[in-house]
Amino acid sequence: IECAQKIGYQLGITNVNGDNKITMPNSKSEVKQLLYFLDQGYFNSIITNELMLTNSKRPIRI
47 IECAQKIGYQ LGITNVNGDN KITMPNSKSE VKQLLYFLDQ GYFNSIITNE LMLTNSKRPI
107 RI
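If you're matching positions, the sequence shown starts at 47 in the working numbering and goes up one per residue.
Among the hints, erroneous ones may be present.
[Said to hold, decoys possible] Label-pair ranges, simulated between beta-carbon atoms: (1) P105 to K67: 29 to 37 angstroms; (2) R107 to G64: 40 to 48 angstroms; (3) R107 to T60: 37 to 45 angstroms; (4) D85 to N61: 18 to 26 angstroms.
[Claimed, not checked] Derived pair list, reagent style EDC-like, types lysine to aspartate or glutamate, alpha-carbon separation capped at 20 angstroms: (5) K52 to E96; (6) K103 to D85; (7) K74 to D85; (8) K67 to D85.
Keep in mind the hints are simulated off the structure, nothing from the lab.
Virtual Cβ for every residue (Gly too), placed ideally from N, Cα, C.
All chains, please: the whole structure from these sequences, using the hints.
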């Protein structure tokens, strides 16, 4: 929940028997956005602080 809030992503949460569960969206585009979020496809640029999409999950070594 915290990570979603940091990037402004509206993560649907439902409380089931005291446990928070992610709510699956209904539309195809919202499902894609959720899966992209869960796959760490979004990040904040450290230079411009803009929300960016990743195209690679390879770590870099500087």
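Going down the list of hints, with the structure as the test:
For the pair P105 and K67, the beta carbons lie near 30 angstroms from each other, so the given range of 29 to 37 angstroms is met. Taken as a hint, the range 40 to 48 angstroms holds for the pair R107 and G64, whose Cβ atoms sit roughly 42 angstroms apart. For the pair R107 and T60, the supplied restraint of 37 to 45 angstroms holds, since their beta-carbon distance comes to about 40 angstroms. A beta carbon spacing of about 25 angstroms between D85 and N61 agrees with the range 18 to 26 angstroms that was offered as a hint.
With a C-alpha separation of about 12 angstroms, the suggested pairing of K52 with E96 holds against the 20 angstroms cut-off. For the suggested pair K103 and D85, the alpha carbons sit about 9 angstroms apart, so the restraint of at most 20 angstroms is met. A distance of roughly 16 angstroms separates the Cα atoms of K74 and D85; the hinted pair therefore holds under the 20 angstroms criterion. Our distance criterion of 20 angstroms between C-alpha atoms is met by K67 and D85, whose separation comes to about 17 angstroms.
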